[in-house]
Every structure is written in structure tokens, then in C-alpha cells.
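Novice: Now that you have both chains on their own, put them together as the hints suggest.
So the protein sequences, as listed, match chains L and A.
Position in the first sequence (from 1) plus 12 gives the number in our numbering.
Position in the second sequence (from 1) plus 1 gives the number in our numbering.
Since the hints were made in silico from the structure, they are not lab data.
Take the hints with a grain of salt, since some may be wrong.
Straight-line alpha carbon distances no greater than 27 Å define the calculated BS3-like cross-link-like pairs of lysine-lysine that follow [unchecked claim]:
| no. | chain 1 | residue 1 | chain 2 | residue 2 |
| --- | --- | --- | --- | --- |
| 1 | L | Lys503 | A | Lys77 |
| 2 | A | Lys40 | L | Lys320 |
| 3 | L | Lys511 | A | Lys77 |
| 4 | A | Lys124 | L | Lys320 |
| 5 | A | Lys80 | L | Lys531 |
| 6 | L | Lys503 | A | Lys80 |
| 7 | A | Lys72 | L | Lys431 |
| 8 | A | Lys72 | L | Lys501 |
| 9 | A | Lys72 | L | Lys428 |
| 10 | L | Lys511 | A | Lys72 |
| 11 | A | Lys80 | L | Lys534 |
| 12 | A | Lys72 | L | Lys500 |
| 13 | L | Lys534 | A | Lys72 |
| 14 | A | Lys269 | A | Lys334 |
| 15 | L | Lys320 | A | Lys184 |
| 16 | A | Lys184 | L | Lys503 |
| 17 | A | Lys334 | L | Lys234 |
| 18 | A | Lys150 | A | Lys290 |
| 19 | L | Lys494 | L | Lys28 |
| 20 | A | Lys80 | L | Lys201 |
| 21 | A | Lys77 | L | Lys428 |
| 22 | L | Lys511 | A | Lys269 |
| 23 | L | Lys531 | L | Lys431 |
| 24 | L | Lys534 | A | Lys77 |
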Amino acid sequence: MSTLAHEHDHAPSGLKRWLCSTNHKDIGTLYLIFALTMFFVGGAMAMVIRAELFEPGLQYVDPQFYNSMVTVHALVMIFGAVMPAGVGLANWMIPLMIGAPDMALPRMNNMSFWILPFGFALLLSTLFMDGGAPAGGWTMYPPLVLQTGDAFPFLIFAVHFLGISSIMGAINIIATVFNMRAPGMTLMKMPLFVWTWVITSFLLIASLPVLAGAVTMLLTDKYFGTSFFDAAGGGDPVMFQHIFWFFGHPEVYILALPAFGIISQVIPAFARKPLFGYASMVYATASIALLSFVVWAHHMFTVGMPLKGELFFMYATMLIAVPTGVKVFNWMATMWRGAMTFETPMLFAIAFVILFTIGGFSGVMLGMTPVDFQYHDTYFVVAHFHYVLLTGAVFALMSAVYYWLPKWTGYMYDEKLGKIHFWLSAISSNVLFFPQHFLGLAGMPRRIPDYNIQFADFNMISSIGGFAYGLSQLLFVYIVIKCALGGKKAKDRVWEGAKGLEWYVPSPAPHHTFETPPKLTKEMLEH
Amino acid sequence: MKLKALFNKLVSLFVLFPLAAQAEWGLNLRQGATEISQKVYDLHMFTLWIMVAIGIVVFGLIFWSIFYHRKSRGVKPAKFSHSTTVEIIWTAIPIIIIIALAVPATKLLIAMHDTSGSQVTLKATGHQWKWQYDYLDEGLTLFSNLDEKSQEIRQLKSGLNPQDHENYLLDVDQPIVLPINTKVRILTTSNDVNHAWWVPDLGWKRDAIPGFTNDNWAIIEKEGTYRGQCAELCGKDHGFMPIVVKAVPMDEYKIWVAEMKAAQDAKKNTANIVLTKEELMTQGEAVYKKVCLACHQANGQGVQGVFPALAGSAVAIDPANRLGHIHRIIYGKNLMPAFGEQLSDVEIAAVTTYERNAWGNNTGDEVQAKEVSEARNK
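Looking at chain A on its own, in the form it has when it is part of the complex (with noise of 0.2 Å):
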């Protein structure tokens, strides 16, 4: 069965080639949807070019004296072995090609530099493995992961099939929206280790490093969704912390502010809000596949050597570690990061209840919001 499908797969590929070759297999750079990842895309093909046409020459003459520089056409070898005119000229030709490569590329750098004059301002920070988002001058903050159909077929040995999902892996659960025609600055730095901030139709990344922050600019100027990955080795799960970057006209933009500020503000009092264990137990379940399974594993038996279980331990069973388990998820340990700004109240109630209770650590546990509220103080 198997084994057909591949087959069937081959055969598309090497038959339907130059069909498939037109519809849909991207071979070349995205011109993208500002003016830099214009000038971009307008740099790299005259540099390919360029390429091409030094590759014709030089490769040109390299098959000529393969075909009729041979010994079995009877042809004597000459004797030259040096000629100041000729490697005059072929040190000088490069330096001039060079220079007519540089000169664009000093002013697109410098153009690619000028972050003055922004009227929007965004942080990105990477963390092992989320993107947090905050736009400055709006003290708005949020959290972007893969999206929940991706997480479930990217799992090993899932069974699912990927082609099931257009934006596989390309998808996030709380996409950003920015607004088109405008030069928004998009800072980026780490919470962790290095990682990349990357959507190719911006016509840039630039890493995100703990303790620095870059910056760097866009002025997108067509309505779109713009989809992107993390590009610097992150860690386990590199390959699973995409972008998703909505364009779209400053009114609604504005509109979105709007709306999420009121969702953050509404998140913030979740202290008084008390859930029967059935409730908390499901929206445990559903926090922890979002923020804690990449680490602890869906049995909760984590990764051994690298990322302790929670199944059977100390810290989710053991009755005296209750106010330490809920500071743990707070403030982080080690490679734990801290996920008090991330979740709410309700949020980390609920799964610190849905971690004492699963997998065998029955201990009955029922944690409410107003707990880790007092939590946070202590």
C-alpha cells in the first residue's frame, strides 16, 4: 500500500515534471510584498545572471577543449604555461564585476538599515519554541504557536498525512496583524537561545538574541497573509515556530488592536473565576497540549536526560510541592521557561490541576484561579 502510493508519487514526479514544474513548485526567491523584498529579488536575479553568464563562458570553455583538446583527435599538447596579458585581464575582469555588484547592493544595505520614521513598533521575541509578540505602543501583548492540526501531525510516527494541511507547519494558533502602507519597525530578541525571525515576503530576517535587541523595518504595501519559520537551529522543536503576519488596511488594524486589547484586559481578571474539576481537567488538557507537550510529551513521561516527566513526580503529586508546582509553571526552572505572562490565572489553575490528576497522579487535586492568583504574590 505503502509502497504504491510512493510509486504513484515517483511517477508524478518524473512524468508530470514540467506540469507540476509550472503550477505550484516555488524555484526561485518571492519577490514579496514591500519595495526592499522588491529590490531584493532585483539584486539576486542580476546577480544569477551575472553567474550564468560568467558559468556559460568559463564552462563553455572548459567542454570546447574537452571536445577538441583531446588526445584520441591527435592533437599535440602545447607548451605554453604562462601569459601576463591574459592573467592581467582575468584578475581585472572579476574586480570590475565585482564593484558592479557592489554598488547596488551598498545602497539597498543602506536603505535596508534606515528604521526612522516608523509609526508602528513590534517586538518579537523568540522563545524555545513561541514567538511573543509585543506592540509597544499599544501594551499589547501576545503569544503565537504552531497551530493544534500541524502539532498533531507533526507528532512521530502520527499516522496523519501532511498533505492534509495546506499551511502545515506554516500555521500558528494567534496569527499578528500589521498594517499595509505603513513602516512598522519589527524589533527582535530572544527570552532563551538564538533564534530567527524570518517571513520571506518581507525580504529580511534577523536573528533574535537574548540580550540584544535588532532592528529592522517593513513598510508591506499589499493586503495578504505572509507566512514564515524561525531560522536559526533553536533547539528541539526549530522546525515548529512559524509566522503569520496579516496585512491589512490601518482601520482594521486598528479594529484588531481593539479587540485584542480587550481579550488581554479580560484575561488579566481571571482570579475570581471558580470551575467545577470537570472543567478544569478539560481546559487543562487543552493548555497543556498547547504550551507543555512539545517538552513533557503527551503521557507526560517527558524526555529522558533532557526533560523531566511529570508522570509520578515529586513536584505534581506530593502535596507539599502544590504552591511550588504553581510557581514552577510561573516563573520556570532551568530550561523551563516561565509561563506567568503567557497564561491566565484560570489557564494555569486548570493545568496545574490536569498535571496532578493525569497519567496516574491521582491525587485529587483541584486548583482554582484564585490560588494562583495569591500564587503570584507570594
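Isolated chain L (complex conformation) (with noise of 0.2 Å):
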């Protein structure tokens, strides 16, 4: 032991360092390490779907097999990959750009991370009981979901977990952004991730309980006998989606919302021009938080509601068209007139505004009730939401993980590689998705094994692209690994626009930061 003063610095050694960690750094690191296995988890279940698409006919899978694919992927890559990676960096980063020590609740950090391990043993377990995995989609609807195996509680419970996790993780974040700012640090001058973060906070404490309330009917309808959602008992399957969606819609913006965060910080440190319009941006992010709470039935239109019903929530819908293009035109300005360089998380997050805008333009299209009832359930609704979340939310989580990495590693990453990262994944998930939009007008249904010859050639260029990006992801694996064993140092600032009190302690940064609140100038609160 060592008889030197106390050294500030010592990180606890071994595998207790992990599984006991208090600290942000530390479980931040689980938290993206996590994110990063699940995303491998999930992307071998799409190598599997695009594969058994690849030509028509049923080479590889039975349909059953099949549907398991698509509702576990679903599962793996929301609960698993998107959502654990945008609360590891809320974790590593909030703390560090708001000048505050530590989250404001290090022992439930701990706990709401090693709760995600469980859930998801639980969730893939099923993938070898009796039965099967759950293949009733991940929307879960009854009375298909009722019909699931020995699979059925394990699926159940595993959704419980992962939402207490998360629940967990947006009190944290709460209580450690009102109560833990450096002085000086007001609201309004805090860096978007953190606002973004804030507000996603209140979705998922807002919406994950109403999950999880859904759930346990479901359960309670399997094996207790009720009838929430049995017409023959009196109840109503429809209520379920309704259920569902309110809690559903907000998700997709506990998805996109950190990645918004993460843009409006990227963007104007290569553009070496402060944030345009950044009250106008929190402002924007606020009314799309709200607004998520009363357009959840477009996600339904086609279950039969009353015409005034489809009316008010095809309106609310096409309103969220605004404050999401008052952010896409605030990056937009944000670049105009900048002295710009191209660095990979620049790439990724260029490509993200474009990208996520084609994805936007489809969401209005599918907002549009009368029209949806054609699209509905087709591979346009398939291109248009992994356009939003694989080339938005997870292209936002790239760029993040390459702007943070020197400050996290203290060394830089293969600029080279990760540039051939960007334009593999760019292009290939392109050639993956943009497709999908003709087989959806085509008419296409989503989630069939199998289809009529007329698709088979967009299927294939399709499956093409999805086994390039699945395998240009390796390389992402390869260039981080790289980052953290060694390499060129990495100075403080690691890039020379870039804003935030991040970029004030050493890189890598050390185990504990900001034991004493530091005292803020005016450089260290711009954006």
C-alpha cells in the first residue's frame, strides 16, 4: 500500500474496479462497451434477415425462426445498442461539460448498468427454450405475443429490467444536471448534449412506466386470467397499441434526441463557428418532447379509428415537422460561412443531418394518414425508420465515440481508418436502405421471409449492402481498440474548434475531475 500522499488519481484495480465502479468514467465505459457487444448481437440477427432475403424462397430459416430474428434484433438494437450508448456518453460527458464531479448518484449508476447484462441474458436465453425467442415483433402486440412459448415471461421481465435500468439512468441524469453545475454553468448556457440529455431524461421517466404497465397486462392476461386486451373477455386489443405507442413514440425520441445533442456539438467545432440559433435549439428540442406525447397513434392509423381521431393525429404529426426543421436549418447555418474541416466525426455528423433529413421527409410522408394507409407496414416504413436510426441515431453515436475518444484514451485514433470507416458505412447503409423505399411502394409488406419475384432484385442489392456495413463495422472495432492501446498523443483540446469545459482537463482525462468546482471564464462556457 502505498505510503505516498493520497493520490487522486488511482483507479482501483482488477475486476472490482468494474462490478463495485462508483465512477462516471468507469461505467460510461461499460455502458459503450455494452452497447458496442449488443450492436454485434443485433447486426448478427440482421446478417441472418438479410441473408434469408438475399433471393426468394426459404434457404436458411424457418418463418418462425425468421420472426424471432426480426423481433430480437428490434429489441437488442433499441434496448441494447442505441439507448446503453447514448446514456454511457451522458455518463462519461455530462459530468465532465458541466464541471461536476461525479454523477449525483454514483451507487444507482452502478446498479442501473449491471442491471442490463441480466435483462438481456434473460431477453436471449429464449433464443433456446422450447418454442423459440419471441416472435411477435417488439411492438409486442396481442393477442399474437400471447401465443409465445416458455419464451413469454422471460420476454416480459427482461422489458421490466431494461426500463427500471433506464429509469434509473434518466433520475441520475436529472438530479445530477439540476443539483451538481459548476457555478456559473446556468441552464442556458449548458452544451446541448446536456439539454438534449435532460429532456430525454423526462421522456423515458414519462413513458417507460406506461411500457411497463402494458407488460404486466399482458402477463397478467397470459397467466392470471384477465382480459385487458381479450375481446372474447370484453377487452380491447386495440388498447394495447394505444398503450403501447404513448409509450413508443417518445422512445424514438429517447433514440434521437441524445443524437441531436451530440450534432450540436460536433458541427460547430469543425466549423470553428459558435451554434447557431442555440436557444432556439433547446427551445425546438423541448417542443419535440412535448409534441411526442400526442401524435402516437399515427403509428396505428390503419387499426380503424373514428375520422376525427386519424384528423387530430395526423395534424400533431406534421407539426413535429417544424421544430425538427428549425434544428436541421440551425446545423445547416451553423455550417454556412464556417472554415470547416472534414475529421471523421465531422463526416459522420454531415452525413447524419443529411441522412436523418431523407428519413424526416419520409416521416411526413407517413404522417399523412390517407397515404399511409399504403405505406403502412411496408418496406417504406422500414427504410424511413432505420434511415432515423441507423444513418441518424447510430451515425451520431459514431461521430460522438471519434470526438470523444482521444479525451477518453488520450491518444488519437487512425484518422485514415476511421475516414474508411465513415464511407463504408455511408455508403453501404445507403445501398442497405434507400432500396427499401421501391420495395415499400412496391408493395412489400415488412416482416415476411419471403416474397414474390418482383422484389428479388432490390432484395438482393438490399441484403448486399447490409452484409458491407455489417462488416465495415469490424474495422470501427479494430480503429477503437487501436485508440486505446496506444498512438499519437493526444493533446487537451483535441481538435482546435472545438467548445466546452471537456476540453480543460488533460486527456486522457483522469479518474476523478473536478473535485472542486472549477471556476468558469467566459472561453469555457461558449458553444
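Specialist: Structure (C-alpha cells):
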């Protein structure tokens, strides 16, 4: 044991460091590694899907297993990859960005992470059960989901676990941001990434308990003789869809808002120009969050709602285009007359703005009820939500990792490989998803394992894009590992134009930072 | 061999792309066969072009920045960070655009909801995994399953080539017929889980939900065959329950209904038909393939944990369960749907006989239609 003066940067060693960690940076790292692992688990399932759809006819898997792949791919990617990656970034960066020594509730932080592996152990174990993994879609619509075999209670409790984990993470972020900002870091001085996470946290707290309630009702319907969703017992199968999407639509923004935050950090840094319209960005984010609670039924226009209901949800949905447009225009204006350079984070950020906007365009089209009757549940929808979630949320997460990786590891990543990774990802993801617009319009329903020969060519192109995208991500793992192991030393301010408090701490960020509140200067508070 | 075929396919994909694109590639929504579907198509195109226009402006400005406002050109970054005027303008313009979109969308939606004044009413009921159709005014009921050829090709590793079947997965054993230039009200509901009834040429899809009846309508303007599929995940064979609508002039429709009614009545009175064991087995196998095989599988082994095996099962071999076996087919149990309505007495007799003698279930039992007819009343 060291007899020298207490060394502040000493991290506990061994397994205990990770299992019992209460350090926001270590927990952030755990979240990010977990998310990357799940990204590959869910990705492997996507590869199975694209392999089966490569040609018409059933070549590799039976339809039931195919449905399981579709279902578990979605659950793993949403709850295992994108959400934990966002929480990981929040853990790492929020204390550094607001000048706090750690998260407000460090032990809960540990628990909210360590629930995740158990939740996913429950979910993934169902792949080996009698009757197979859940195959009713991630939306878990009854009555179909009630036909799930032994996997059913595992699915429900897995969702409960993941929900509890996310709610604890959200409480932690809110407690941290409202209580632990350094003096002078007023709310309207906070970096936009922090703002988007605060708003996301409120969405999580408001929406996840609703999901928990819905799946609990499924559980009692199946095992305890209730009929919440069983028409034969006086229940209502459509009510589940209303409750589910009351959670499900805010969930979409839970995935997207942190991405907006990331992009609002990255673009000003590489444009060397302040973020355009900071205040309107905050208000737009808040408006999107509020609107997200009154548009849920656009996911279910075809269930047969009254005319007035359909009109209301159509108008409310189309209204979301306004604040979302404001954000896109603000990013555009931030780049305008800047002095841009195009390192990997910026490449991913620009691709995000363009491709997310394409997803937004198809979103407006889908929001228009009479035409949605044609688009609904086709590959047009699949293309839409992969544009906003893969080339949207995931590209933003990639951008964030490249942006902050030197701060985390203390080394620069290999810029050349990073750019190759970007171009491979950007091209292959468009080859993967763009043709799906055509498939959907031409009449191919989603969630089918086999199709008519008229859909064969675009499916083959899409699959080729899928395999290329999947393989390209192995390069990302190599780049991250290489960077963690060594390379060119990173400066404290890694990027010339980067603004924010995190660039005032050394690279790599020491185990403990801001143990006493920093004295904030005007430059530190710039956006 | 397979690699070579794949290579040829890829070559044709990329080399012949422009040709193929003109010839057969479905790229866009169908204009369809009704006034509504045409209006839906028009609104779709209108929206699409507005989106394309916004895209050109926004992406154009971004690319302008990328080319001209880059550090390598030696530019100095500007310092501005907001402009109230600009922000008001780009909040107002999207509002105007969405109003321009919402007005025609509202009109169209109101028209689509107006099911009044229909002359023919068709009820489509989703089953796992087939459609039942009731012509409510005619008292005609029929079932529509995936056609046999598709059924064979689509089995896992069947080795058969889907390219040999033009309407692969879009063909049925019993299409429905509707009159043209007539307002047809189409009700959708379900017998088990959620399905969705979708024929793209009619311009809409609608969920089929147990316990609910949704109503829709169509006036088909052109004669022809229109194909569609179930569009709501409904379990294992969701991809294999297509819809085929034949639109014909009213007088042909009436003839068709009369013929189908006659066939339906004939099917009702099969209780006195007596068949030989061989006939029962052949007909039974045909029925089995059509309605049982999807779950219980060709070898009678079912799917472990989901669909029970029939080969060697007590229900199918125990003499004491003979009536129970017939009842199970007529009334169903749990996941197993009731087939009493869909199958005639002789069909149930044949398939029961088949199941009690196939795959080593050699009970030697022979079930005749009379026994089924009596079982219906027990």
C-alpha cells in the first residue's frame, strides 16, 4: 500500500474496479462496451434476416425463427445498443461538461448499468427455449404475443429490467444536471448535449412506466385470467397498441434527441463557428419532446379510428416537422460561412444531417393518414425508421465516439482508417436502405421471410449493402481497440474549434475530475 | 454451380440495370384501379415532389458550405450565431407547407371514410393463415389459402425455384370476385390474432382485429386481377396468406355467385357420401396439405414447443379418442382453429382417416362422412 500522499488519480484495479464501480467514467465505459457488444449481437441477427431475404424462397431459416430474428433484432438494437450507448455518453460527458465531480447518485449508476446484462441474459436465453424466442414483433401486439411459448415471461421481465435500468439512469441525469453544475453554468449556458439528455430523461421517466404497465397487463392476460386485451373477455386488443405507442413514440425521441445533442456539439467544433440559434435549439428540442406525447396513434392509422381521431393525429404529427426543421436549418446555418474541416466526427455529423433529413421526409409522408394507408407496414416504413435510427442515431453515436475517443484514451485514433470506416458505412447503409423505399412502394409488406420474384432484385441489392455495412463495423472495433492501446498523444483540446468544459481537463481524462468546482471563464461557457 | 448463377445474377443486376429498371422494376406506388387509389397516388407524388424540392434547397446549401466554406480554402469563420428574422422565416415556411399538404389530405381522408351507399358487402376475416370471405348479402362463404404450387416452393430448402412461378406467394386456391363500377363495402375482422387486409390497387389497407369490425369501401373501375397480402405480422406464416381479387362486370359477378352458392350447398350435404379407404386417404392427404400442413408439418411431427406432433400422438392413435379427434378438427383447441365451418363432412372424414393412418399411425381406422355429421351434433 502506498505510504505516499493520497493519489487522486488512482483507480481501483482488477475486476472490482468494474463490478463495484461508482465512477462515472468507468460506468460510461462499461455502458459503451456493452452497447457495442449488443450492436454486434443485434447486427448478427440483421445478417440472418438479410441472408434469408437475399433471394426469394426459404434457404436458411424457417419462418418462425425469421420472426424471432426480426423481433429480437429490434429489442436488442433499441434497448441494448442505441439507448445504452446514449447513456454511456451521458455518463462520461455530462459531469465533464457541467463541471461536476461525478454523477449525483453513483451507486444507483452502478446498479442501473449492471441490471442490463441480466436483462439481456433473460431475453437472449429465449433463443434456446422450446418454441423459440419471442416472434410477435418488438411491438408485442396481443393476441399474437400471447402465443409465445416458454419465452413469454422472459420477454416481459427482460422489458421490465431494461425499463428499470433506463429510469434509474434518467433520474440520475436529472439529479446531476439540476444539482451539480459548476457555479456560473446556468441552464441556458449548458452544452446542447446536456440539454438534450435532460429532456430525454424526462421522456424516459414519463414513458417507460407506461410500457411496464402494458407488458404487465400482457402477463396477467396470459397467466392470471385477466382480459385487458382479449375481446372475448370484454377487453380491447387495440388498447394495447394505444398504450404501447404512448410509450413508443416518445421512445423514438429517446433514441433521437441525444443524437441531436451530439450533432450540435460536433458541427460547431469543425465549422469553427458558434452553434446557430442555441436558444431555439433548446426550445425546438423541448417542443419535439412535448409533441411526442400527442402523436402516438400515427403508428396505428390502419386500426380503424374515427375520422376525427385520424385527423387530429395527422395534424399533430405533421406539426413535428416544424421544430425538427428548425434544428436542421440551425445545423445548416452553423456550417454556413464557417471554416470547415472534415475529420471523421464531422463526416458522420454531416451524413447524419442529410440522411436523418431523408428519414424526416419519409416521416412527413408517413404522417399523412390517407397515403399512410398504403405505406403502413411495408418496407417503406422499414426504410424510414432505419434512416432515422441507423444513419441517424447510430451515425451520431459514431460521430460522438470519434469526437471524444481521444479524450477518453489519451491517444488519437487512426484518422485515415476512421475516414475509410465512414465512407464504407455511409455508402453501404444507403445501398442497404434506399432500395427498401422502392420495395415498400411496390407493395412488399414488412416482416415477411419470403417474397414474390418482382421484389427479388432490390432485396438482393439491399442484402449486399447489409453485408457490407456489417463487415465495415468490424473496422470500427479495430480502430477503437488500436486507439485504446496507443498512438499519437492527444492534446487536451483535441480539436482546434472544440468548445466546452471537457476540453479543459487533460487527455486522457483523469479518474477524478472537478473535485472542487472549476472557476468558469467566459471562454469555457462558449458553444 | 450456385456461385455461377449468383454471378450471372449480379452481372445482370448491375450491367443491365437501366434496362431492367424500365421493364419490370416496381419503383413507385401503384395508381391502382379505383378513383381513391388514383387520388392517393396523386397526393403521394405531390408530397414526394415537395420533399424533393426541400431536399434540393437544404442539401444544396449544405453542399455549398462544404465546397466553399472550408478551412482549406483559407476562409475565416464568421461569428454570427443567430438571426431572429431568418429563424421566423424558416419556422413560417414549414408551417405553410404542412398546411398545403394537410388540406388535400383532409379532403381525401373524409372521402375514404364515407362508406355509405354501398351495393355489395364483403366481410374478410383473417385466420392464421388464410382469409375467410363472407358475401353478406348472398349468404356465401369461402376460404382462400395460398395456392399449392407456392406452398410447395416456399418450404424451407425445397430446392424449387420461385422464378418458375410468376405469382409466387401472390396466388390463392380460391380467388374472390367483385363487380366493377359498384360500391363494395369491405369489412375486416379476425378470428384469432391481428391481420391486415391489403390490396395495393384498391388504395388502402385496414387491420383485421378480433372483436372489431372495420369498414372500408372501393369502387373498382377496371376489370382485372388484383393481388395483395396480409400486412400485419400474424405469426409464422404471415408471409403466406395472399389476397386475390378478380374484378368483373356485374352480370359475370352474379353468375359466379350463383355457381359458388350451388357448390357451397353441395358441400353442405356430404354426410351420405361413402368412400373407400384409398379414396379417403388420397382426399385426406389433399386436405391435410391445404389446411393442416402449415403447423403440423408434412411428416406429422409438428414444431416442438408450438405445434404438437400428430405422428404417434394419443389423439390420433388411441381408439378411445376417435370422437375427440373429430371434435378437435371441428371445434379446435387453444392455438388450433376450428375447421368445422371451412371443411365439409367428407373432407373432415378423409383428413381424420389420413391422420389416423399416415406416418406410422397405422390404426386401420376408416372414418366416414356420416360419423362426422353425427359428431357435429354431439
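Novice: Looking back at the hints listed earlier, which ones does the structure fail to meet?
Specialist: Failing hints, ascending: 16, 22, 23.
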